[in-house]
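S.K.: Heads up: the sequence lines are chains A and B, in that order.
The first sequence lines up with residues 0 to 271 when you count with numbering that gives the first Met the number 0.
The second sequence lines up with residues 0 to 271 when you count with numbering that gives the first Met the number 0.
It is worth saying that the hints were derived from the structure and are not from the lab.
Computed from a predicted model, the values in this text were never measured in an experiment.
A portion of the hints provided could be inaccurate.
You can't tell identical chains apart in this list, so a pair holds if it fits in one copy or across any two.
[Said to hold, decoys possible] Below, simulated EDC-like cross-link-like pairs (lysine to aspartate or glutamate); rule was C-alpha separation at most 20 Å, straight line: (1) Lys270 - Glu57; (2) Lys270 - Glu119; (3) Lys138 - Asp176; (4) Lys138 - Glu5; (5) Lys270 - Asp161; (6) Lys270 - Asp117.
There are 2 protein chains.
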Amino acid sequence: MHPFDEAIDLRASALSQAPHEFTGATHPAYANMVGPFGGTTAAQLLQSAMLHPERLGEPVALTVNFAAPVADGDIRLVARPVRTNRSTQHWIIEAHQAEGVVATATAVFAVRRETWSDVEAVMPANLPEPDALSRMPVKGMPAWPQRYDMRFLEGAFPTAFDEQEQTHSRSTLWVRDEPERALDFASLAALSDSFFPRIYIRRRRRAMIGTVSLTTYFHADRALLAQVGTRHVLGVAKALNYRHGYFDQTGELWSPEGQLLASTHQLVYFKE
Amino acid sequence: MHPFDEAIDLRASALSQAPHEFTGATHPAYANMVGPFGGTTAAQLLQSAMLHPERLGEPVALTVNFAAPVADGDIRLVARPVRTNRSTQHWIIEAHQAEGVVATATAVFAVRRETWSDVEAVMPANLPEPDALSRMPVKGMPAWPQRYDMRFLEGAFPTAFDEQEQTHSRSTLWVRDEPERALDFASLAALSDSFFPRIYIRRRRRAMIGTVSLTTYFHADRALLAQVGTRHVLGVAKALNYRHGYFDQTGELWSPEGQLLASTHQLVYFKE
Chain A
0 MHPFDEAIDL RASALSQAPH EFTGATHPAY ANMVGPFGGT TAAQLLQSAM LHPERLGEPV
60 ALTVNFAAPV ADGDIRLVAR PVRTNRSTQH WIIEAHQAEG VVATATAVFA VRRETWSDVE
120 AVMPANLPEP DALSRMPVKG MPAWPQRYDM RFLEGAFPTA FDEQEQTHSR STLWVRDEPE
180 RALDFASLAA LSDSFFPRIY IRRRRRAMIG TVSLTTYFHA DRALLAQVGT RHVLGVAKAL
240 NYRHGYFDQT GELWSPEGQL LASTHQLVYF KE
Chain B
0 MHPFDEAIDL RASALSQAPH EFTGATHPAY ANMVGPFGGT TAAQLLQSAM LHPERLGEPV
60 ALTVNFAAPV ADGDIRLVAR PVRTNRSTQH WIIEAHQAEG VVATATAVFA VRRETWSDVE
120 AVMPANLPEP DALSRMPVKG MPAWPQRYDM RFLEGAFPTA FDEQEQTHSR STLWVRDEPE
180 RALDFASLAA LSDSFFPRIY IRRRRRAMIG TVSLTTYFHA DRALLAQVGT RHVLGVAKAL
240 NYRHGYFDQT GELWSPEGQL LASTHQLVYF KE
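Model the full assembly from the supplied sequences, consistent with the hints where possible.
M.R.: This is how it looks when you write it as structure tokens:
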């Protein structure tokens, strides 16, 4: 079993007792410096709706708010479909630990129809293939970056915090699960949180950081995800603004063929 | 009283009965074709947390999911602070009408500290002042665009749905409340939803549309909002992707002096 599948493996509570409850746990393979990688937590929250017997369609939007540090151990997920329409469904999801709520999420699921479609954003062009680039060294890093094969074209994690401020924080990289795993909604949600904090790229300076809110729009449907399979996707991320303890990040995840799989945005707390 | 203040005027329920409940109503001055302008609904959801006696700090992130059409009339708002930390607070907010949940929101509030700050996004340069541009004609439009003074530099609402597809959907405009009103968090939340649907700009073709999820990151604090006062702010919006019934929009709201007040993103349902 792939460690990511282990990490998002949830057990449903007996329906008669608590119809909307699932139990999961943090996984050592996706540990961060302290507690778990937020991407796995986001994927668990999404997965609780995916597994829910009343689920309609596929996810189109997910917002995860990280309310408190997640402790290593069990997580109780409460997923409520608060409104189900003909082709859309709205969810409120909470993640609880002993101490209280550690994360919340809202999600929109939908049954999609084929329509006129077009990519208006511009994918970086003339990129070398992943095979032509080296994988980012992960020695000495927490567990979670070791679960990704990242090959940077620009904006790599700084090799030293030399405090040489850069003109921008943009990163462009090929990324996939390590070991390989076919892309699905849960792993796309986790990938949305896999960009290193923009302030490290920009400032090359140590800082305490923590994502407070993460939004992902899933442009890909199941068929498009299947086309990507286990290959690398192209990630692009940058910050727009840093001010008084918070900065934002906007990112894109592209298929090798130039389809925008997801656009993703987050707001991050920082303290230098 | 300004019509926007009337629109976001909420009555708290008697604390002993329902500590987290407020009642508001749709306002005819912000009517859309059918039901209210989504920006006012977003502002009401935010306002229910702003008015809550347990509120900590100022909003930094807001996500509103539009779950069902809002009917003209009363809206019951239930705002729960699900986690309060030392300097951050996490909210789940629901808007109810007779039929059930019509919108949900999550919000992050925070007590900010001064830190290193920088705008990394680029504000369009060498723009004419609002006074040098004409206000968008609002004759024949629904009520809500009449409550904004919009002065377009590019990407105006099409004067005819001539089905001449454009190469992009970008809009740049000066915008303020009409009549003038000093900018605050509630009006910034509403402004985040004031960009016309990108597909109209791009396709110049009639379509049914409906925002399903709207996220706003508030980079401005109260002091910066006060500096803007009643003046126009610069809005910039574009779509990234249209696919199988949904497109996204990413937008920025800038102070005249070049501070990024908010970055805002939404996912929109469409059917041509």
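S.K.: Could you run down the list of hints and mark each one as holding or not?
M.R.: A quick look at each hint next to the structure:
1. Proximity of Lys270 and Glu57 under a CA criterion of 20 Å is satisfied inter-copy only: 18 Å between copies versus 37 Å inside one chain copy.
2. For a Cα distance limit of 20 Å, the shortest separation of Lys270 from Glu119 across copies, 18 Å, qualifies, whereas the shortest one inside one copy, 35 Å, does not.
3. Only within a single protomer do Lys138 and Asp176 lie at most 20 Å apart by alpha-carbon distance; the minimum there is 17 Å, versus 54 Å between protomers.
4. Taking CA atoms no more than 20 Å apart as the test, Lys138 paired with Glu5 passes in neither setting, with 23 Å inside one copy and 59 Å between copies.
5. Within a single copy, Lys270 and Asp161 get their C-alpha atoms as close as 17 Å, which meets the 20 Å cut-off; across copies the closest is 52 Å, which misses it.
6. For a Cα distance limit of 20 Å, the shortest separation of Lys270 from Asp117 across copies, 14 Å, qualifies, whereas the shortest one inside one copy, 40 Å, does not.
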